[in-house]
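Engineer: In case you want the letters, here they are:
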Amino acid sequence: ETGVTQSPTHLIKTRGQQVTLRCSSQSGHNTVSWYQQALGQGPQFIFQYYREEENGRGNFPPRFSGLQFPNYSSELNVNALELDDSALYLCASSPGTGKDTQYFGPGTRLTVL
Amino acid sequence: GENVEQHPSTLSVQEGDSAVIKCTYSDSASNYFPWYKQELGKGPQLIIDIRSNVGEKKDQRIAVTLNKTAKHFSLHITETQPEDSAVYFCAASMGSNYQLIWGAGTKLIIKP
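Line by line, the protein sequences are chains A and B. Going by my numbering, the residue at position 10 of the first sequence is 10; the numbering climbs one at a time, nothing skipped. One gets my numbering by counting positions in the second sequence from 1 and adding 113 to each.
Excised from the complex, chain A in its bound form:
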């Protein structure tokens, strides 16, 4: 086990709604990264937070936003859900920035109808 937890496990939403996904990192890990994994594909980097500030962003629109809290928890928020947002959302924590190994949680499966 990596010590990274995510909630909820599964979620069903309808197009246009908003969703919040949660992640709890390993204690002491200051960096959290979020990835989107479509079925049968590799994960795609959404963004990374380091000490509560965004530290890099992939090719995702602004309706994907995040927050990181001092207690090693974080959130991924997605507004105006689209059908293509259906995917497994993964968070990964690491001790700091730089050449750090990323430890993944089990993911949240989001289905948009």
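Warning: the hint list may mix true and false statements.
What the hints assert, rightly or not - Listed next, with one range per pair, are the computed distances between beta-carbon atoms:
1) B:K171 with A:T111: 38 to 44 Å
2) A:Q26 with B:Q194: 43 to 49 Å
3) A:K13 with B:N166: 41 to 47 Å
4) B:K184 with A:G40: 21 to 27 Å
Stated by the list, open to error - Here are some chain A residues pointing at chain B (derived, C-beta under 8 Å):
5) P43
6) F45
7) G56
8) G58
9) L90
10) T101
11) Q102
12) Y103
13) F104
14) G105
15) P106
16) G107
17) T111
Hints are computed from structural coordinates only; laboratory data are not their basis. Backbone N, C-alpha and C define an ideal beta-carbon position, used for all residues, glycine too.
Chain A is already provided as a structure; the job is to place chain B on it using the hints.
Structural biologist: Positioned in the frame of chain A, the structure of chain B alone reads:
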């Protein structure tokens, strides 16, 4: 931007035989190359990683080799076992925040 290609997409080997999965990357500045194993319904699990200042790394039945000149790296699994069946992903780091760029994955099937 960085791109990572992974082959093959599916690999079927007899139990006890070796398996090799290959990846190529495009950005010569990439310097960190992890391999992850993902089982059905679970998040990716790191199995081995290598940094650009090392050519080879081994951990029991698993080894990774890196050829910086050719920009490719490979995962080698020896004496395969049924529990090795899973999807394997390679990745390469990119940028100052070391975000991972992933390959498309290889489904490894171990035949009894």
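Engineer: Each of the hints needs a verdict: does it hold here or not?
Structural biologist: A quick look at each hint next to the structure:
With their beta carbons about 41 Å apart, B:K171 and A:T111 fall inside the hinted range of 38 to 44 Å. A:Q26 and B:Q194 have their C-beta atoms about 29 Å apart, which leaves the hinted 43 to 49 Å range violated. The given range of 41 to 47 Å is respected by A:K13 and B:N166, whose C-beta atoms sit roughly 45 Å from each other. Taken as a hint, the range 21 to 27 Å holds for the pair B:K184 and A:G40, whose Cβ atoms sit roughly 25 Å apart.
Because the beta carbon of A:P43 sits about 5 Å from the nearest beta carbon in chain B, less than 8 Å, this interface hint is met. Checking A:F45 against chain B: minimum C-beta separation of about 4 Å stays under 8 Å; hint holds. For A:G56, the interface hint holds, the least distance from its beta-carbon to any beta-carbon of chain B being 4 Å, beneath 8 Å. Taking 8 Å as the C-beta cut-off, the interface hint given for A:G58 holds, the closest approach to chain B being about 7 Å.
With a cut of 8 Å, the hint placing A:L90 at the interface with chain B holds, because the nearest CB-to-CB distance is about 5 Å. A distance limit of 8 Å between C-beta atoms decides the matter here; for A:T101 the minimum to chain B is near 6 Å, and the interface restraint holds. Contact between A:Q102 and chain B, as hinted, is supported at the beta carbon level, the nearest pair being about 7 Å apart and thus within 8 Å. The criterion of a C-beta within 8 Å of any C-beta in chain B is met by A:Y103, whose closest approach is roughly 7 Å, and the hint holds.
Among the interface hints, the one on A:F104 holds; its C-beta lies about 4 Å from the nearest C-beta in chain B, closer than the 8 Å criterion. A least Cβ separation of about 5 Å between A:G105 and chain B falls short of the 8 Å threshold, and the interface hint therefore holds. With a cut of 8 Å, the hint placing A:P106 at the interface with chain B holds, because the nearest CB-to-CB distance is about 5 Å. Here the hint on A:G107 is kept, as its CB sits about 5 Å from the closest CB of chain B, short of 8 Å.
This hint is violated: A:T111 has a C-beta 14 Å from the nearest C-beta of chain B, more than the 8 Å allowed.
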